[in-house]
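Asker: Read in order, the letters of the sequence shown are residues 1 to 270 in the UniProt record's numbering.
Since the hints were derived computationally from the structure, they do not count as laboratory data.
A portion of the hints provided could be inaccurate.
[Unchecked claim] Pairs of lysine to aspartate or glutamate residues, derived as DMTMM-like cross-links and limited to a Cα-Cα distance of at most 20 Å, are as follows:
#1 K190 to E179
#2 K190 to D215
#3 K76 to E61
#4 K190 to D222
#5 K119 to E129
#6 K190 to E202
#7 K190 to D213
#8 K119 to D132
#9 K119 to E131
#10 K190 to E139
#11 K119 to D99
Owing to the predicted nature of the structure, the values given are computational and were not obtained by experimental measurement.
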Amino acid sequence: MAETVLSCRDLGVRFGGVVALSAVDFDVAAGSITAVIGPNGAGKTTLFNAVTGLVTPSGGEIRFNGAPINDQAPHKRAAAGLVRTFQNLEIFTNMSVLDNVLTGCHRTIEYGFLDALFKTPRYTRQEREHEDTARRALEFVGYDGPLDRPAGDLPFGGQRALELARAIAASPSVVLLDEPAAGLNMRETKNLGQLIARMRSELGLTIALVEHDMDLVMSVSDEITVLSFGQVLATGTPAEIQQDERVIAAYLGEDDEDDLPETTHEEAGA
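Build out the structure end to end from the sequences listed, making use of the hints.
Answerer: Here it is in structure tokens:
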């Protein structure tokens with residue numbers, strides 16, 4: 001059985017009198033692709049925000065690589081290898097494609113201010129290494145355009161790929177993807193599924209994703225957690241979730257049971 005690399009126990013999040021998450025247990029096994037699904041307002045993004053330190057839990061515990069991280073700042077969690085993307089694109093539109101990806105390398109910077117000021121050999125060496133890392137990340141996601149192109153000039157699908165490249169360049173061990181298929185067409189979504197599968201198989205990354213596209217979720221996921229009104233409704237394999245009457249009734253709709261995709265990992269290139 002694979003080691004659990006990320007876990008939440010009895011996790012709760014409140015915003016004033018509003019309960020966003022209540023008694024949530026959530027596990028991500030090392031080397032897995034784990035999906036979180038649920039209707040709008042179920043608490044999916046709040047879960048990721050709590051895990052990455054963007055919101056403070058009202059109760060419960062979060063562990064990463066076996067250590068509690070509730071009190072760690074977001075940048076400390078990123079430095080430990082816990083990296084995420086966002087539902088809304090968080091790219092620097094006026095910066096070049098290459099410079100956007102280079103921002104993902106910040107957690108591995110070892111030179112200091114004086115090294116940068118005087119461009120010491122250590123600074124020069126690390127900058128060259130980071131540029132190589134950024135180029136490889138862009139190549140991995142399939143970008144073959146000009147590196148000096150402003151990121152804002154990329155089509156929406158290209159900007160999504162750019163955000164993935166930046167996450168890869170951060171050399172993470174776990175990547176949280178928040179609705180990575182949002183705004184993508186069918187062809188782009190299929191390519192995204194193949195890319196996510198390759199991130200696991202070729203880069204050895206552990207991946208958790210929040211996603212509404214059920215074809216994508218069912219094709220790439222090993223395990224799925226279903227949230228409803230801030231609580232865990234069900235956890236299981238794609239096949240188990242497809243047959244879970246609670247999920248069908250509460251999320252997918254009672255009349256949609258026959259419409260659930262029966263895609264497999266092979267279809268996503270996993």
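Asker: With reference to the structure, classify each hint as holding or not holding.
Answerer: Now for the hints, and whether the structure bears them out:
Of the supplied pair hints, the one linking K190 and E179 holds, its CA atoms being roughly 14 Å apart against a limit of 20 Å. The hinted pair formed by K190 and D215 meets the criterion: a straight-line CA distance of about 9 Å does not exceed 20 Å. Annotation: proposed proximity of K76 to E61 holds, straight-line Cα distance about 17 Å (limit 20 Å). The straight-line distance between the Cα atoms of K190 and D222 is roughly 17 Å, inside the 20 Å bound, and the hint therefore holds.
For the proposed pair K119 and E129, the alpha carbon gap of about 14 Å is at most 20 Å, so the pair holds. Only pairs whose Cα atoms come within 20 Å are accepted, and K190 paired with E202 is accepted, the gap being roughly 18 Å. For a cut-off of 20 Å, the pair hint linking K190 to D213 stands: about 11 Å separates their Cα positions. Taking the CA atoms of K119 and D132, the gap is about 18 Å. The hint holds against a cut of 20 Å.
Distance hint between K119 and E131 is fulfilled; the C-alpha atoms sit about 16 Å from each other, no more than 20 Å. In summary, the hint linking K190 to E139 is supported, as the alpha carbons are separated by about 18 Å, within the 20 Å threshold. Proximity of K119 to D99 is assessed by CA-CA distance (about 18 Å); at most 20 Å being required, the pair is judged to hold.
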